[in-house]
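Here's the letter readout for the chains.
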Amino acid sequence: MAGHATKEIDAATLWGGKVSPFSTSYGKLMMWFFLVSDALTFGGLLVAYGFTRHDAQDAWPIGEETFNSLPFLGHGYPLMYVALMTFILIVSSVTMVLAVEAGHRMDKRGVIKWMIATIIGGFFFVGSQAWEWYHFIHGSEFGKVELADGSQAIVKGHFGEIENFEVIEAGHHHKKGEKITEDLMHEFQHAAAGGHINGGVITLHDGTKAMIHKKADEHMELIVKKDGKKYSVGDRIEGKDAEKMYYDAIYGGTANKVIYGANLEQNEYGPQQYGQFFFFITGFHGFHVFSGVVINIIIMIGVVMGIYHKRGHYEMVEKTGLYWHFVDLVWVFVFTFFYLV
Amino acid sequence: MERDDIIEYSLDAHHDEEHGKKVRATIWKVTAILTAITILEVMLGVYIKQGSGAWPFVKWSFIILTLLKAAYIVLVFMHLGDERKSLKYVILVPYILFMVYLIFICLMEALKIGNTWMTYGG
Numbered sequence: 000m001a002g003h004a005t006k007e008i009d010a011a012t013l014w015g016g017k018v019s020p021f022s023t024s025y026g027k028l029m030m031w032f033f034l035v036s037d038a039l040t041f042g043g044l045l046v047a048y049g050f051t052r053h054d055a056q057d058a059w060p061i062g063e064e065t066f067n068s069l070p071f072l073g074h075g076y077p078l079m080y081v082a083l084m085t086f087i088l089i090v091s092s093v094t095m096v097l098a099v100e101a102g103h104r105m106d107k108r109g110v111i112k113w114m115i116a117t118i119i120g121g122f123f124f125v126g127s128q129a130w131e132w133y134h135f136i137h138g139s140e141f142g143k144v145e146l147a148d149g150s151q152a153i154v155k156g157h158f159g160e161i162e163n164f165e166v167i168e169a170g171h172h173h174k175k176g177e178k179i180t181e182d183l184m185h186e187f188q189h190a191a192a193g194g195h196i197n198g199g200v201i202t203l204h205d206g207t208k209a210m211i212h213k214k215a216d217e218h219m220e221l222i223v224k225k226d227g228k229k230y231s232v233g234d235r236i237e238g239k240d241a242e243k244m245y246y247d248a249i250y251g252g253t254a255n256k257v258i259y260g261a262n263l264e265q266n267e268y269g270p271q272q273y274g275q276f277f278f279f280i281t282g283f284h285g286f287h288v289f290s291g292v293v294i295n296i297i298i299m300i301g302v303v304m305g306i307y308h309k310r311g312h313y314e315m316v317e318k319t320g321l322y323w324h325f326v327d328l329v330w331v332f333v334f335t336f337f338y339l340v
Numbered sequence: 000m001e002r003d004d005i006i007e008y009s010l011d012a013h014h015d016e017e018h019g020k021k022v023r024a025t026i027w028k029v030t031a032i033l034t035a036i037t038i039l040e041v042m043l044g045v046y047i048k049q050g051s052g053a054w055p056f057v058k059w060s061f062i063i064l065t066l067l068k069a070a071y072i073v074l075v076f077m078h079l080g081d082e083r084k085s086l087k088y089v090i091l092v093p094y095i096l097f098m099v100y101l102i103f104i105c106l107m108e109a110l111k112i113g114n115t116w117m118t119y120g121g
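Just so you know, the sequences run in chain order Z and C. The numbering of the first sequence is numbering that gives the first Met the number 0, which starts it at 0 and goes up by one. The numbering of the second sequence is numbering that gives the first Met the number 0, which starts it at 0 and goes up by one.
Bound conformation, chain Z alone (with noise of 0.2 Å):
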């Protein structure tokens, strides 16, 4: 019955090999259903993530909190980091597809020239996020403490420049009376960390005992991210009484009172799975990032080759075209809800 029924339709009806119900190539068609897989993929981890976020509900990050600096400006610019990079990616969309433009008017030249422009923006991109990651590893200059009563806190406000550690109990490499200057933020932060500062005195590695001297900080304000016997979830704390009970955390000698940055196992900006999902799913999206780079790279010396021009179409700067704008679609969506919302 079946063999019969082939013979009736004729070859324009039926697809086998010559007629795509699509009207579309097969490398093309294929390029689709791989970026269909690979956004189920994305949609499953950002799934995850709202999943996770809507369990742990208050006490997640906001991303206007977590992601303040700038390059050479420091911090106190919520968002503005994520917004450059979320341009610098639609602009290096936008050059791809005038790339696949020329393609279609067979100009060799004009595609040369709009993909060298998207690579740049990949790159830029591609190093945008590494500092990201940077200034998300390191965190802020204050970290996240936690309260006597054993409620957890992030930190607002301007830390005080440390001037000095002065010697008061010679170690193996400082003499008393001598003034350390060098390497004091991270001197200080792994003695905080380590429960090593104790009243105003930090013991270095060598054995070494110091005074603080250290700026006063400005608008101290402690937002709580974990419930505690006297503070939950969402209280805000500030000026002097914020100050006290930051140092009376840090300055206690106790070790683990206070984190700063992030990796796998804890953060400062909330709860553990938060630092996860920051590192999996941008993470991710970076290696489709640059892998599309290295596919346009590889597409880009086939144009100058003249290899598409001699099969009389610009197909596969289309495919990879494909492939790139799907990258920044992702991000559209990692943009809006590990940022935004």
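No incorrect hints appear here.
With a Cα cut of at most 27 Å, we get these calculated DSS-like pairs of lysine-lysine:
| id | chain 1 | residue 1 | chain 2 | residue 2 |
| --- | --- | --- | --- | --- |
| 1 | C | 28 | Z | 112 |
| 2 | C | 48 | Z | 239 |
| 3 | Z | 229 | C | 48 |
| 4 | C | 48 | Z | 155 |
| 5 | C | 20 | Z | 107 |
| 6 | Z | 112 | C | 21 |
| 7 | Z | 225 | C | 48 |
| 8 | Z | 175 | Z | 214 |
| 9 | C | 20 | Z | 309 |
| 10 | C | 111 | Z | 225 |
| 11 | Z | 112 | C | 20 |
| 12 | C | 58 | Z | 225 |
| 13 | Z | 239 | Z | 155 |
| 14 | Z | 213 | Z | 175 |
| 15 | Z | 228 | C | 111 |
| 16 | Z | 208 | Z | 178 |
| 17 | C | 21 | Z | 107 |
| 18 | C | 48 | C | 111 |
| 19 | Z | 107 | C | 28 |
| 20 | C | 58 | Z | 155 |
Calculated from the structure, these hints are not laboratory results. Here the structure is a predicted model, which is why all the values come from computation and not from measurement.
We have chain Z; now place chain C onto it with these hints.
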């Protein structure tokens, strides 16, 4: 090796300079729209704090604006809008149906689990 029984769809995509001008005009228009939406999103994010009265409205604006951006990218930049209807729907419909279902089921579940923890401790 040349086979004349296979249609080269890849050649259909060619267009002349005049048509190219129109395509480029569309591209620049969409660029402007995407940039404007991004700027609007960042402004909303910077000036309206989470937890304020207007927040639920802002949150839904973010989601709608994001979907709008996605639609422009997929339909114009990826040219899915110019493809045949059959291809357009094969790509979009199953994916969107599945995602809507997954988002609904997972977020509902998460809220219930969160409330259970809040009620019974953890």
